[in-house]
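J.: Residue-level listing of the chains:
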Amino acid sequence: MLEFLKQPWPWYISGPLIGLTVPVLLIIGNKSFGISSSLRHICASCIPSNIPFFKYDWKKEVWNLFFVAGIFLGGLIAAHYLSNPEPVKVNPKLVNELAAYGVTHYDNLVPQDLMNWQSLFTLKGFILMVVGGFLVGFGTRYAGGCTSGHAIMGLSNLQWPSLIATICFMIGGFIMANLFLPLILSL
Amino acid sequence: MQNRETNTDFEVRSLDTGCINESKLQHQWYHNIKYLIVGLLFGIVFVKAEVISWFRIQEMFRLQSFHMYGIIGSAILVGMLSVFLIKKFNIKTIYGEPIILSPKKFNKGQIYGGLIFGFGWALTGACPGPLFAQIGTGATVIIVTLLSAVAGTWVYGWLREKLPH
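Protein chains in written order, with the working numbering: chain A, 17 to 203; chain B, 3 to 167.
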């Protein structure tokens, strides 16, 4: 059983499990699935700075911070007890493309050739981690949700604004991955 | 309280005038442990499905693998079916409250913000949830990415009134 769990899980097992988060959160406490709002609660609790957007009763939303703390612990447990010793298997075309940029290690889910403490102080690492992180935080809040809040929760509830948001997430990702990322990785 | 017209953020019900999806019940803090446990299981799925892998996200945006599309697609189908069943059978919460879902209203932020998030998603290979799981797996440098995302959220809050919505 444990050996089975250590394998990478196929999409038809993991996707439905992720989808089940929607009814589970609704049934255990009337909570709508959404993760990016945790970033807003962190701002509201630590650095509200008299900005109206952060002046609300964040303690009422503290469940969301427990939820993301759980995701952190889940990552910790999965990496220590359920980890797969094999490198991530990806499309050979991607392997070839990334090899040209010196990305050859697939042992971690995060590319260790690109994202590590040393590379943080290079232009490439700074763009990937710091600029990328900033765009994730800014963009999700501007859009009013992320993959969980819009793509999964919003579409589950048949909300067309969430469909527009999801399409824009994908368009942005396609543009960045195919047009700009090759230039950034060449730095 | 802001009124509904200007509130363009749908994940935080405490800003909605009606607070319609907010549980009215007051609970001790330890009731939140159940969200920690759901998050924990969710985080394990994230790692085991390789959803938090930068490589998997690059494959997705290059149409080189069905994996991520299968995950997101089947998650949405299961979510849709669940919401349909909850509505059809008037399923209540474990505390006996009716489940109410708030509708989302369109604003241009979903386009501009959506594109900006898409750029960030392809760079970091992570949406907000996976950032927490990646740190858990031992990629400590992602703490910087997470702090930067918090900074991005803060700057959005700061500039919000000046941005087109």
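These are calculated hints, taken from the structure and not from any lab test.
Don't be surprised by glycine CBs; every beta carbon is placed ideally from N, CA and C.
Any given hint could turn out to be false.
Which bits of chain A does chain B cover? Going by a derived footprint, with three or more residues having C-beta under 8 Å, they are [claimed, not checked]:
#1 35 to 45
#2 85 to 98
#3 142 to 152
#4 161 to 168
#5 188 to 197
J.: So which hints don't hold here, by number, going up?
T.: none
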